[in-house]
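Asks: These are the residues of each chain, in order.
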Amino acid sequence: MQLLEVMDLCVRFSMRGEVVSAVSGISFEVAAGETVAIVGESGSGKSVTALSLTRLLPERPACEVDGHVYYRGKDVLTLPQKSLQAIRGKEIAYVFQEPSTSLNPVFTVGYQIAEAVKLHFPEEREVRQCVVKALKEVGIHEAEKRYDAYPHELSGGMLQRVMIAMALACRPKILIADEPTTALDVTIQKQILDLLRRLRERHNMAIVLITHNFSLVQNFADRVLVMFRGKIVEEGSTQAVMEHTKHPYTKALLACIPRLGQKKHRLKTIDYESL
Amino acid sequence: MKTHPLLKIQNLSIHYPILSGILRRQIGVIKAVDDVSFEVAKGKTVGLVGESGSGKTTLARSIIRLAPLTAGRIFYENIELNTLSKKNFFPFRKKIQMVFQDPFNSLNPRMTIDGIIGEPLDIHFSLSRTGRAKRIAGLLDLVQLPKNSIHRYPHEFSGGQRQRIGIARALAVEPEILLCDEPVSALDVSIQAQIINLLKDLQAELNLTYLFIAHDMAVIEHVSDTVVVLNRGKVVEQAPADVLYKDPQHEYTKMLFASIL
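Chains as they are written, first to last, in the numbering used here: chain X, 1440 to 1714; chain U, 458 to 718.
Simulated from the structure, these hints should not be mistaken for lab results. If you're wondering where the values come from, they're calculated on a predicted model, not measured in any experiment. All C-beta atoms in this analysis are idealised placements derived from N, C-alpha and C, irrespective of residue type, glycine included. One or more hints might be untrue.
[Stated by the list, open to error] Beta-carbon label-pair distances, calculated as ranges:
| no. | chain 1 | residue 1 | chain 2 | residue 2 | range |
| --- | --- | --- | --- | --- | --- |
| 1 | U | Gln-601 | X | Thr-1540 | 53 to 63 angstroms |
| 2 | U | Ser-642 | X | Pro-1687 | 21 to 31 angstroms |
| 3 | X | Gln-1701 | U | Gly-500 | 19 to 29 angstroms |
| 4 | X | Arg-1637 | U | Arg-530 | 47 to 57 angstroms |
| 5 | X | Gln-1701 | U | Tyr-473 | 32 to 42 angstroms |
Using the sequences and the hints given, assemble the complete structure.
Replies: What follows is the structure, given as structure tokens:
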């Protein structure tokens, strides 16, 4: 039994009577400790896929989710609210793209991490200690002091570390990172990826990385799923996909990345008509 | 023959006081931009790289008076811009235009495309109604947007299309210089390539001069003739692009290269 098994997932939104299909029948698996990247452009359905894994999308009738998402054999899509809450944050945790808007500005960062710990470990006595330890683990200096800092007092890179600390405080088995470095500087981006890599090894945690940036995937993911218009158009081990690209869309996506030392060429763009 | 720089930045500094207490006493100073000098030749592109907080956006904004100078001089050809009165500076607003980073926040959601692109035309030119319509249609054509876009609102467009609208707005007044503040960093890689190609085509077609701000070293290499590296408000290195990319001198530049994935 795989840790996470997605079968025939379909997500449809109805907007003013019109039905828009965001994800149309995708299936994939994530094993324990494995890193899977979902790559695609905006609108390809990758974030919607991520959100549907713990039913974070709006309820019917605004949004209809079909198919199965099995977490350790239990179908998340049909679980009662209470058992679902035990999985959210505890077993499957998220890190979102924009750290400055994912945190509540009127509470200290320590309080917000503690909230997750208190919810999932009600018997825990040393909550503050737990939180400080989590902050230390993501490389925040003077964690004891930073506990009482408000989000506006920290930089974007620091806030993203806080988000990761919050996600990891409950020791999830799967971390879903939705564009975790897109809002960050390149130098910080590398630090965050190194951090995720270290934590992944230490806790044998699976990571589902969602990104539009292929260069991010290259050194980070074991497996890649390429999404285009709500479907998986190509999947395989990262190396195989990068070296023996099969689908024309993946080829086009790889070709349009500007790379060092290729200045004289005009950048390739994707010809959507032909796909 | 030495070409004259179109834009010259000389010893530019922008400092912000840190105030504290109810008396708002100054307890320190933040040097957002600190003694920066460089030149931009006509028809060329200077790439400005650095991390967030390095002062690159503040620097660009100060050129069109969106940020106050503490010290230093800005020249457009031989005219010193920073000493001009508001009225005398006005014609230069036409010559120097800006393309902003975030195509979602830099367009007024309550204005149609016609209003957004037409507004600078109304301010700087007195065109007849047909002349105005013709000019807007020409601009849409230039940035490859469909003609029927004019009566639509920004939310009806994708990120890449919105950035095209922002570029059309900047080009409306026939500027000489475009200050491009991270014009592609909010976009998907595929759309990023389209916008970079568009900016390069426009440069060749209209002989535009660019100050191009980005944090992506590969993007900067792709567009720039000269590169200026900023760190904490100071220029740590500036060199022709091919020289800098072959042999970076400063530790900070090397570190930027090392962080490329």
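Asks: CB of Gln-601/U to CB of Thr-1540/X, is that within 53 to 63 angstroms?
Replies: 32 angstroms, violated
Asks: Range hint 32 to 42 angstroms: satisfied by the CB atoms of Gln-1701/X and Tyr-473/U?
Replies: 39 angstroms, holds
Asks: Using the C-beta atoms of Arg-1637/X and Arg-530/U, is the stated range 47 to 57 angstroms upheld?
Replies: About 49 angstroms separates the Cβ atoms of Arg-1637/X and Arg-530/U, which means 47 to 57 angstroms holds.
Asks: Range first: 19 to 29 angstroms. Now tell me if the beta carbons of Gln-1701/X and Gly-500/U are that far apart.
Replies: 22 angstroms, holds
Asks: Determine whether the Cβ-Cβ distance between Ser-642/U and Pro-1687/X falls within the hinted range of 21 to 31 angstroms.
Replies: 27 angstroms, holds
Hint 1 alone, counting from the list given before, is not met by this structure.
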